[in-house]
Amino acid sequence: MTTFSARLNLHLERIPDQVAVILQVSGRDDLPITYSQLLAGAQGFANALGSSGIRSSEVVILILQHGPGLIHSYFGAVIHGAIPSIMPFLTEKLSPERYRADLTALIHVTRPAAIVTYAEFEQEVRAAVKDGDSVRAVICMEDVSPEVPDPSRWGGLKCTPENTVLLQHSSGTTGLQKGVALSHRAVFNQLDAYGQTLELNKNDVIVSWLPLYHDMGLIAGFLLPVLFGIPLVLMSPFDWVRAPYRLLQSVSKYRGTLSWLPNFAYNFCARKIRDRHLEGVDLSSWRAVINCSEPVRPESHQAFNQRFKDYGLREGVLHTCYAMAENVFAVTQSDLNNNPRVELIDREAFMRDRIVRDVNGGSSLKVMSSGRLLPNVQIQIVDENGHVLPERVVGEIKLQSNCMLNEYYNRPDATEKALVDGWYLTGDFGYFSGGELFVSGRKKDVIIVGGRNVYPQDLEMLTYEVPGVHAGRSVAFGMFDEEQGTEEVVIIAEGDAEDEMGRQKIADAIRQYVTTNSAIALRYVKVVGPKWIVKTSSGKTARSANKEKFLNELKNNGHL
Amino acid sequence: MTKEITDTLAKHIAEKILKQPARIIGAEDAIISSGLVDSFSLVDLALFVEDTYGVRIEDSELNVSTFDNLNQLAGLIEARRQK
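Chains as they are written, first to last, in my numbering: chain A, 543 to 1102; chain R, 1419 to 1501.
If you are wondering where the hints come from, they were derived from the structure by calculation, not from laboratory data. Do not rely on the hints blindly, as some may be mistaken.
Straight line, CA to CA, 20 Å or less: simulated SDA-like cross-link-like pairs of lysine to any residue [as the list claims (entries may be wrong)]: (1) Lys635(A) - Tyr1471(R); (2) Lys986(A) - Val1008(A); (3) Lys1434(R) - Ala956(A); (4) Lys1437(R) - Leu573(A); (5) Lys635(A) - Asp1486(R); (6) Lys814(A) - Glu1476(R); (7) Lys1068(A) - Arg1441(R).
The structure displayed is predicted, hence computed values, not measured ones.
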């Protein structure tokens, strides 16, 4: 069993001049980075960490945007033997006060020894560090220059496969303080198993726009290619969202073979790319475009196929995968030689009895398979008492593998709750059918917006800070939008207002406040009079009942 | 002329992006920095401007420093139409 540093050392010896990453930034020339350049950049950061007294197995938080600094500092921490973790950079949407509070909370739980950021952001970072905190160094990336790679100085070569190599912070504000700690062994077990399933080969080129602070971006769109010697074309998520055609142009230009996308991106690309941006684009090199990290929809695949089939997109290259950071990444993968299976099932039996039956006349539901288990993963579908359920009965997905998390970092309470007898309870619902996993929902009220997990409780708490909103009287939930291919956030709040104008004012205040404090865009914000919101007998907000009420109102008003 | 453009843009944003047809958006109201129009919808807005006015807004211009309210966006549209 190898380690990250041993693998990188091998690349440095064998393929120093091979391009590891082609970095794309809007408005600049593409920047190819070879393994020797990558490790020279990394050596600079490793030296900087060393001279700041940072030791092996201490945590280093990286607060950097997409760019060479992020890549170099990530592997700098790795070869130093430290544990890197990426925190999303402050965006123009998020309020600096909230960002600072999140950073303070992260420092409190994760106890990093160092933070790497930009000179112009240093003050912001220092403001979040309190006296007596664990942070001993704030390193500005501008002060760090590449150095000749010198493996004899790499603390990372002394790591054992069981050591924690990285922390992956799950998205969402409540989840922020829960860092998934992964070992070298777990990551390589995952990459070996997943690589085998994907039949990775030397002709592969991975193209990604995914953020590196998310598991799909970090594992599939960063570590897998770099550690396996597969060229990676990496663009910024901020560039992609404003110009989705860039993904397709890059696939065409570099003959990309593999990409991972959340479901909404299929709709986004299908609907928002102009023909003029596709001139000369040839997508025939794509052998798999893998749909992952939010519920997978056959309609989204259909729209994507339809839109790009005239640009060389081959039939049968759109695939699905079920993944989570706690298992490093992939749990299942659809068979690359076939389209993912779609089942038409009886809606009533599914909704009422949680049983999956082929449709026979009545109303149907279309569900797409997430594929078969990776060879190193076992799954059980269990009921609320933990009893294992047969095929085609819906229950909670429970998994075990040789690539699971070591722990939630510094969170023994959360670790103990999540891992029972070596099994991880995912909180997702699904069923098996013909050896394939169909994921059908989730246990908790998590909303998944564009691949990002959002906790409604967090959004509701924020609304109570808005003047005019009654404490405890608001509800947030997700509503699937067919056109966008993802969930959109709805907030309903009871507020003090005389008339429609007054309600609109409070609704605007909620929208602005919640967005700048969560970086989540809200689709519907509705301010209502007293007693609109449905509560359970124990006084809890009943999200599904409120959602139903809201949907009925939309329907009755002809908006749906 | 500017008012005609800002009214059309306001209507589009209210109906198609916010899905609140009755929503009034003032020509000086911040639309990006306020979170009213999120980054996923900025492309929509650029496509709408292109289809309606034949004016292109490049993706590198889709940020607060180019425009943050409807008057600014209308100004940009008018300037480019005259070219």
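These are the hints, each one checked on the structure:
1. Lys635(A) - Tyr1471(R): violated (28 Å)
2. Lys986(A) - Val1008(A): violated (26 Å)
3. Lys1434(R) - Ala956(A): violated (42 Å)
4. Lys1437(R) - Leu573(A): violated (41 Å)
5. Lys635(A) - Asp1486(R): It holds: about 12 Å lies between the C-alpha atoms, which stays within 20 Å.
6. Lys814(A) - Glu1476(R): holds (13 Å)
7. Lys1068(A) - Arg1441(R): holds (11 Å)
Checked against the numbered hints above, the structure violates hints 1, 2, 3 and 4; every other hint is satisfied.
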